[in-house]
Amino acid sequence: DAGVTQSPTHLIKTRGQHVTLRCSPISGHKSVSWYQQVLGQGPQFIFQYYEKEERGRGNFPDRFSARQFPNYSSELNVNALLLGDSALYLCASSRGQGILSGNTIYFGEGSWLTVV
Amino acid sequence: QQPVQSPQAVILREGEDAVINCSSSKALYSVHWYRQKHGEAPIFLMILLKGGEQKGHDKISASFNEKKQQSSLYLTASQLSYSGTYFCGTPDAGGTSYGKLTFGQGTILTVHP
Chain A
1 DAGVTQSPTH LIKTRGQHVT LRCSPISGHK SVSWYQQVLG QGPQFIFQYY EKEERGRGNF
61 PDRFSARQFP NYSSELNVNA LLLGDSALYL CASSRGQGIL SGNTIYFGEG SWLTVV
Chain B
117 QQPVQSPQAV ILREGEDAVI NCSSSKALYS VHWYRQKHGE APIFLMILLK GGEQKGHDKI
177 SASFNEKKQQ SSLYLTASQL SYSGTYFCGT PDAGGTSYGK LTFGQGTILT VHP
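Taken in sequence, the protein lines are chains A and B.
Using our numbering, read the first sequence as starting at 1 and increasing by one per residue.
Using our numbering, read the second sequence as starting at 117 and increasing by one per residue.
I should point out that these hints are in silico values taken from the structure, not numbers from a laboratory.
Do not rely on the hints blindly, as some may be mistaken.
[What the hints assert, rightly or not] Examples of chain A residues lying across from chain B (beta carbon under 8 Å, computed):
#, residue
1, Val38
2, Gln41
3, Gly42
4, Pro43
5, Phe45
6, Gln48
7, Gly56
8, Gly58
9, Asp62
10, Thr104
11, Ile105
12, Tyr106
13, Phe107
14, Gly108
15, Gly110
[Unchecked claim] From the derived model, a few chain B residues whose C-beta atoms are all more than 12 Å from chain A:
#, residue
16, Val126
17, Ser139
18, Ile176
19, Ser179
20, Ser197
21, Tyr198
22, Thr201
The beta-carbon is built from N, C-alpha and C at its ideal position, and this holds for glycine as well.
Chain A extracted, bound-state conformation (with noise of 0.2 Å):
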């Protein structure tokens, strides 16, 4: 079976631009989250989706969104990109919602994006 995939895989925006990113998760997963990696850092939370609703917000400005769509992908949308944005953006995916119980959570390969 196909892990969590993502799109794209590199990419190098602009101050001030648009990014979207884009996830399918494992077939069979309804919940996808994003996070987000800096170098040196471990992978900090933005948001979580399930059933195609937000779930959890992590402590990101509003320029960040995000969407599920019906079979159960996903996309990230950076608006007015900063040169902190720069970092790799992780999707990940469970099977369902909470986490308390032991549901775990899979990342996919993550995107590189590089704001200059």
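Given chain A, work out where chain B should sit, using these hints.
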């Protein structure tokens, strides 16, 4: 609050053992361990659940001490492939924790021949 990992880095020779610790200032419901190689995605290793259930990798073991709010990952007879950065992630204790893990700062493990 971010869990704290120790040590920050460890260097081993093949066949040696290592222990990576993850401590939290808040109550833990579960601890999720991942390994990430440079330029790649974090790979799931193991979940440790409150109550003692453990799910994951058969060549790596871990412990979960709920009272001390900490977990340890044990890497025995290390192989070159074990090199990478190890992260522990913990869900929010208070809410329903909708797929949100808070990760530690990572432990860089390097295994030499």
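Check each numbered hint against the structure and report the violated ones by number, ascending. Hints 1, 9 and 22 are the ones this structure does not satisfy, whereas the remaining hints hold.
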